[in-house]
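Asker: Please build the complete structure, drawing on both the sequences and the hints.
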Amino acid sequence: MMTQIVFSVMAASAVVCALACILQRNPVAAAMWLVGTMFSLAGIYVLLNAQFIGAIQILVYAGAIMVLFLFVIMLLNLGHNASDLRRWPALGLAAGVSTALLTTLAGLRFYTPARLAAEVAGASTSQDPARVLTGGTAAQSAMDSLGVVGAIADPLFRTYLVPFEITSVLLLTAAVGAVVIAKRRI
Amino acid sequence: MLLGPALILSAILFSIGVVGVVIRRNAIILFMCIELMLNAVNLSFVALAQFHGLGGQVMVFFVMTVAAAEAAVGLAIILAVFRHRRSVDLQNINLLRG
Chain B
4 MMTQIVFSVM AASAVVCALA CILQRNPVAA AMWLVGTMFS LAGIYVLLNA
54 QFIGAIQILV YAGAIMVLFL FVIMLLNLGH NASDLRRWPA LGLAAGVSTA
104 LLTTLAGLRF YTPARLAAEV AGASTSQDPA RVLTGGTAAQ SAMDSLGVVG
154 AIADPLFRTY LVPFEITSVL LLTAAVGAVV IAKRRI
Chain H
415 MLLGPALILS AILFSIGVVG VVIRRNAIIL FMCIELMLNA VNLSFVALAQ
465 FHGLGGQVMV FFVMTVAAAE AAVGLAIILA VFRHRRSVDL QNINLLRG
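Sequences listed follow chains B and H, in order.
For the first sequence, the working numbering gives the first residue as 4, with consecutive numbering after it.
For the second sequence, the working numbering gives the first residue as 415, with consecutive numbering after it.
No lab work stands behind these hints, which were simulated from the structure alone.
Just so we're clear, the structure is a prediction, and the values are computed from it rather than from any experiment.
There are no misleading hints in this set.
A short, non-exhaustive set of chain H residues, derived as facing chain B with CB atoms under 7 Å: (1) Leu416; (2) Ala425; (3) Ile426; (4) Ser429; (5) Gly434; (6) Arg438; (7) Ala463; (8) Gln471; (9) Leu489; (10) Ala494.
If you want the footprint, here are the derived chain B segments under chain H, 3+ residues with CB under 8 Å: (11) 14-27; (12) 36-42; (13) 56-70; (14) 103-114; (15) 168-175.
We put the beta carbon where it would ideally sit given N, CA and C, even for glycine.
Answerer: Put into structure tokens, the structure is as follows:
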């Protein structure tokens, strides 16, 4: 019960901050509202048994990526421009797209762990459903046996070791690319 | 066991991100809306990882890495465009239009 109340508060604050972010005229204020959304999402991650993800959400997203955004906004001196909202054809398109998306995804509201288990059992996947859905508490039981960080380190450095190493190449490429693109004279 | 509410919150946040991309013309705010959409997808990964094992949380880790790389390169492109056009308004950036 307490979990649901905290979740509702966090969810409401995430949605309000996101709406304020896309409607705010000043880019600096929009960035601060987006930081609010990210903090609320970090709280929700903790509720969903993902404490480590919640911590790096704050460190990486709210800490590093949003500071990068603020640096660029300040560097370009964008604090005081006129409204950049589009005219009505774009607003109509936005209303249509969002209505279509929400009506399509509204069925997700009725998803329960039992229905998820039934769908995984009925799907023709190569994985054994009993191994995938260990009693509906996969995250909880992994954390009980391995600890918060160990539970995520185990799949990261065993099953997903090659993608993890490729990530380092991606980051190196991005860093070199950003320096080359932003250089004054190539 | 907050599966349904977390998934619908993820859908709402994704829709807000899409609306932001459609209605704004400021390139930096467009990038923020893309980050918002990536966050929404991360939320559904974490919600399903409660039941499917921690592979979902590892995917969130990779999504964050890609988001960081994308933000760095995208903001460098915005910086380079701003030097030529003196603006980040997408209406003024039409070099590739035929």
